[in-house]
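Each protein sequence line maps, in turn, to chains V and P.
Sequential numbering of the first sequence, starting at 193, is according to the numbering used here.
Sequential numbering of the second sequence, starting at 469, is according to the numbering used here.
Everything labelled a hint here was simulated from the structure, so no lab data went into it.
Take these hints with a grain of salt, some might be off.
[Unchecked claim] Cβ pair distances, simulated, as ranges:
{"id": "1", "chain 1": "V", "residue 1": "Asp518", "chain 2": "P", "residue 2": "Pro759", "range": "30 to 40 angstroms"}
{"id": "2", "chain 1": "P", "residue 1": "Ser766", "chain 2": "V", "residue 2": "Asp278", "range": "52 to 62 angstroms"}
{"id": "3", "chain 1": "V", "residue 1": "Lys498", "chain 2": "P", "residue 2": "Lys689", "range": "20 to 30 angstroms"}
{"id": "4", "chain 1": "V", "residue 1": "Ser344", "chain 2": "P", "residue 2": "His782", "range": "52 to 62 angstroms"}
{"id": "5", "chain 1": "V", "residue 1": "Asp276", "chain 2": "P", "residue 2": "Ser766", "range": "55 to 65 angstroms"}
[Said to hold, decoys possible] Chain P regions said to be covered by chain V (calculated; three or more residues, Cβ under 8 angstroms):
{"id": "6", "region": "581-591"}
{"id": "7", "region": "691-702"}
{"id": "8", "region": "739-748"}
Glycine included, every Cβ here is placed at the ideal spot set by N, Cα and C.
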Amino acid sequence: MPETAIAAPEALLRVEDLKIHFPIYDGLFRRKVGDVKAVDGVSFEIKRGETLGLVGESGCGKSTTGRAVLRLYDPTAGAVNFEDRDIASLPANEMRAMRPRMQMIFQDPQASLNPRMTVGAIIAEPLMEHTKMSAGERKDKVAELLDQVGLSRDFINRFPHEFSGGQRQRIGIARALALDPDLIVCDEPIAALDVSIQAQVVNLLEDLQHRLGLTYLFISHDLSMVRHIADRVAVMYLGKIMELAPMGKLFASPRHPYTQALLSAVPVADPKIEANRKRVILTGDVPSPANPPEGCVFCTRCPLAKKTNDKRCFTIPPEWREIEQDQFVACHLAE
Amino acid sequence: MAVGTVRSSKVSAELENAAPVLSVENLETVFLTSEGAVHAVNGVSFSLQPGELLGIVGESGSGKSVTMMSLLKLLPMPPAEIRSGTVGFDGKDLLQVDQQELRAIRGGDIGFIFQDPMTSLNPVFTVGFQIMEPLRMHLGLNKANARKRAAELLELVGIPSASQRLRDYPHQFSGGMRQRVMIAIALACDPKVLIADEATTALDVTVQAQIIELIKDLREKLGMAIIWITHDLGVVAGIADRVAVMYGGQIVEYASVAELYDDPRHPYTKALLQTLPRHEGDRMERLVSIPGQAPNLSGPLQACPFAPRCESAHDRCRQENPPLFEVSPVQKSRCWLEDQEVVNA
Chain V
193 MPETAIAAPE ALLRVEDLKI HFPIYDGLFR RKVGDVKAVD GVSFEIKRGE
243 TLGLVGESGC GKSTTGRAVL RLYDPTAGAV NFEDRDIASL PANEMRAMRP
293 RMQMIFQDPQ ASLNPRMTVG AIIAEPLMEH TKMSAGERKD KVAELLDQVG
343 LSRDFINRFP HEFSGGQRQR IGIARALALD PDLIVCDEPI AALDVSIQAQ
393 VVNLLEDLQH RLGLTYLFIS HDLSMVRHIA DRVAVMYLGK IMELAPMGKL
443 FASPRHPYTQ ALLSAVPVAD PKIEANRKRV ILTGDVPSPA NPPEGCVFCT
493 RCPLAKKTND KRCFTIPPEW REIEQDQFVA CHLAE
Chain P
469 MAVGTVRSSK VSAELENAAP VLSVENLETV FLTSEGAVHA VNGVSFSLQP
519 GELLGIVGES GSGKSVTMMS LLKLLPMPPA EIRSGTVGFD GKDLLQVDQQ
569 ELRAIRGGDI GFIFQDPMTS LNPVFTVGFQ IMEPLRMHLG LNKANARKRA
619 AELLELVGIP SASQRLRDYP HQFSGGMRQR VMIAIALACD PKVLIADEAT
669 TALDVTVQAQ IIELIKDLRE KLGMAIIWIT HDLGVVAGIA DRVAVMYGGQ
719 IVEYASVAEL YDDPRHPYTK ALLQTLPRHE GDRMERLVSI PGQAPNLSGP
769 LQACPFAPRC ESAHDRCRQE NPPLFEVSPV QKSRCWLEDQ EVVNA
């Protein structure tokens, strides 16, 4: 455990039973016929200065969770407590006052930067919206931010297309830092980058965390990178968290059958290990979140449920239980 | 899967002398743009032995896809232009044969699997139609026989109730299923060579694991040679016999899979392997990163393209582009550090 987590144990963010359902309309009168349960009862907390990794495959609801934490979606149910205020039900003007404290870094640095704005204008935009800085002060602040993310101050009048992917991601990070936030939601920040550039960006994120005491919700499908950066990890599947544990425990002794399968599917860059690995190969595909299975959402693909044929798996949603200190699973059968 | 390692060392030793199914010599491809020629592929040579799986690893812009597209002239020309090289296949030079013959080889003796199964399948035709197309074009099967064979192929790639699903359209399949359909199409005419370009990149890890198992399985059953293009060093470690690492439009290192991961010789390969986070044990304090950016390929290579980012670069690296030096019977590295004359002197 890194010292940051021990030094400040207080929770910055506490998400309780968060649900985000998107309505489906169909038929002649566009009547509501159902819901896509993108996030369906998710609870976790993030301590100040900590990095919580949120992993899962496409469509599991990890990005939706990340966006809901910043209230970019209005939750269907549940609470998002930032410090001790539930931002899920805050009126718009109060929410706006909270926004500077929570920021986001997006996946695609190409799409998230306005191609018609200069780097300086992009980074200064949050300052114009949320502070009363004069033009001169803003310019100084932008220069300072460029230093922080390792870009040259000369870039201030250039446009996003003049930069490489890694540099663009640095611009996105500088923008997120502009208002000195406490929490940053990083939504797949390195997925669009090449291997040799990924390491640069991850190192930068870690440096900034140490220097500025940032708290990260790090959303990624890259388990080996999450292993490197996260203090605790939550594994999502079909809108629910399957397992949540400190990084060490999750990777050394995963308890949920889905976590086990997920970890065993990650290719390792070592032919000797690859040759002798026992893979848990999941069959089938992820069910539709509009019509999730009864009981445990993983039961249709779960090797353990198949083997034991336990009735509970197919009928009762599993309880969220602490299987070992700090290690939580949602599974009837995990031991 | 202990078979994997035994096989790879055996394959590289035994098959080194067999006649290759595909041999590429000194391939050079440029793109003519309004800002001048971009030298995407700069003298790539490799050979593919029967039954072998050759992994081609590199980052975006390293020239791995353009190399493979050049083999079958799948690039739009212009702007692309193949400046030189030979592609020996079946006693012919594929760069010299006419369009008609080339069409017969594409999807016939050489099958292709592309990265994105959604955009490479035609959304307005059924999956059955698309699998039957090569069967009817290349093998001249009639409709009924083609349909029968198509159902067999879908079953081979692990799609349940195959004969019914032939009537479905691509959007009715999930990503992993679509990739299985792509594999079925590529395998339709029993190819000698299968080229898979980032075939699992768009897929989730658990689905990627399924597809990789499938490829391993099909290889045992059908015995075709495979070129597997990827940026993922983990995937290659699990399936390849030999690996070519590309950078700046060149192969910078060429080795058996065991050699490459045990004893990488080229500074770029070493750096690339070091950037990966650890998969067990204590995690690293900081990730090792490769400083700088991918090379600019506008203009022919005058020096080693990796020199500006290389820790061990010296004057010679900045003046002269090194040739591929032989390190072992299989392993080769394009780096001046391997120059024996210098080492001895």
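Violations among the numbered hints: 4, 6
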